[in-house]
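Peer 1: Work the whole structure out from these sequences, hints included.
Top to bottom, those sequences are chains Z and P. Here the first sequence stands for residues 18 to 404, where the numbers follow our numbering. Here the second sequence stands for residues 20 to 333, where the numbers follow our numbering.
You can trust all of the hints, since none of them are fake.
Short, incomplete list of chain Z residues facing chain P, as computed with Cβ under 10 Å:
1. V100
2. A123
3. G200
4. P208
5. T252
6. Y255
7. T264
8. D265
9. E269
10. G270
11. D396
12. M401
13. G402
Since the hints were made in silico from the structure, they are not lab data. Even for Gly, the Cβ is constructed at its ideal location relative to N, Cα and C.
The lines below spell out each chain.
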Amino acid sequence: MTSTLVKKSLIIAFSTSLIAGIYTVQADTTKIGQGEGQLDVIAWPGYLERGESDKNYDWVTGFEKETGCKVNVKTAGTSDEMVSLMNKGGYDLVTASGDASLRLVAGKKVQPINTALVPSWSTVDSRLQNAPWHTVGGKHYGVPYQWGPNVLMYNTTTFKTAPTSWGTVFEPQNLPDGKPNKGRIQAYDGPIYIADAALYLMKKDPSLGIKDPYELNEKQYAAVLKLLRQQKTLTHRYWHDVTVQMTDFKKEGVVASGAWPYQVNALKTEKQPIASVIPTEGATGWADTTMLATKAKHPNCAYKWLEHSLAPATQVGVAEWFGSNPVVPTACKTKAPGGSDFCGDNGFSRYAEIKFWRTPQAKCSLKEGCVPYSRWTSDYIAIMGGR
Amino acid sequence: MQSSIINADTSKPFGRKFSNTLYRKNNLFLFLLLTPPLLWFGVVYLGSLFALLWQSFYTFDSFSMAVSNDLTLENYRSLFDATNFDIILRTLTMAVAVTLATALIGFPIAYYMTRYGSRAEKGFFYIAVMLPMWASYIVKTYAWTVILSQQGILYWCINHLGLSGALNHVLQIPAIGGNTLATSNLGRFIVFTYIWLPFMILPIQAALERVPTNLLQASADLGAKPAQTFRRVLLPLVFPGVVAGSIFTFSLTLGDYIIPQLIGPSGLYIGTMVYTMQGSVGNMPLAAAFTVVPITLIFIYLSLAKRTGAFDAL
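Peer 2: Shown next, in the form of structure tokens:
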């Protein structure tokens, strides 16, 4: 019994490696063949739902029935985890954010895709089709999946009207309830948050001449760090973990912080007095791309999924479930499983005000060069440590 | 006669012949027996450790954010930069504080368990000490974020006891305090102490079990006061156990990266620093240099402990 099992699995392993050997050679796929029966995807939690959390949210089962590709999802909590999983290999697709996608391209972990094989490519938001976080040298290293803003989450008992500026979390001031904001606001525990401060200064202090919060010269960078050091004296803590942040809003008296729509939706579901806003300065945000691994073992199933990922039903389901926006504009008119106005709720019309996450690099559009991400990290560590 | 014995020998099954050979060649036997564990220890265990340490000499170029194989001492030098040194001091202080606290709390518990507990009580204490270790460490830490929060049970108790004024005063002490319990070093210290306490109690308890009761009685007979007996007889005999426990609590606190993320103020610890450097920046060399810090600190700690004679009684 056992030996037949071993034999069987050996045969399967051998044949998959054969198939893999044949299919990994193709650099420019020109035609989608028969599905390989399997697909391994790394995704954010909530990005690929098969109706297990809520039977109304299922955009995987139908795909499996239609194509015969069994989908295995490996969820990852951070961009760094995604990059390290991809470095390990063994996956076909990854839903990478802008702060991971270029690292994957540079590391040659993902391959350019042939957009001709994804018929729905033409329905993708034209503003996202050539987005710099997945387009390198004119080649597209993936298909956009979803995007969303980093919103200003606030407590509606404290703020009777929505705050209008990120100054609420950056400058010492009295909140509408007459008490100071010291100890009642939070900042994000990640160096990428430096961009949020830069975005605020972009509007507040135009003399600095910040054009792009991810491209800062030394002078601008110093001003941004000064603002963040001031913020440090105000923070309750730097949030890192969505669950802890939600507890802090419920039980620790925190009333305003940058956050993701995910926390806002979750707290609203719990009937907490919570709302969110994109302030006048705009917001930073994330845009995720489904990318195809260089050594994908199931490229045909992967291409079938890329097409399926752009179908309005998929886009709408993810958007409402996760609290994000579809990359196919027409999907906004499709009715969501829960019937909400997800495009309105998640800020679809505010696209132009969103500065999407990407990794700051030394070589940039400024002729004097920019401060790279590694320095962002070390300086942000110093600021969080009170230096 | 002679030939028949040889014949008999060759007709024996292979396994038997093999074991006969081994019996005659002791060294070969030892070699075969020890090779697998030595390979494990040498290649997998030490090999990976040295591979990691070796990386700490590589160069990280902060502009291209890439690692090159040029050897440098720069990573070690940068450990002494103000921000990095802060991280080391912060972690070290917490590790020492947690070790002292667990020893102070753990000793009386272990002492009661061994000397006074009835059979049933002993069983109860064993379970009570071990029970927290059966639950996932992450779940316990998350539970503490709820317990310590401003609307949590601890604040509720303090408020009902009318001690909120005292708590606010404590939270205003610079190094210990913070905005609230959950974001203060005091809160983090409480959680660390809670989590590592079993690792201190069990070795002390084992050491106490080995102390013969008649030594304590003899000490009393010869006129020593209880405090003297404790200081001159009991403590020297149990000290190796305390040191063993403190090695656990000290090194576990030095390397932990979950509790500093979830509870307490925002400054990084060695563990979280390694995590950040390795994960989000890809600065493996600096991460490796940081891992050398706890190794060095533990070495220093062990040599200090040895000097006090902690291992003489082993």
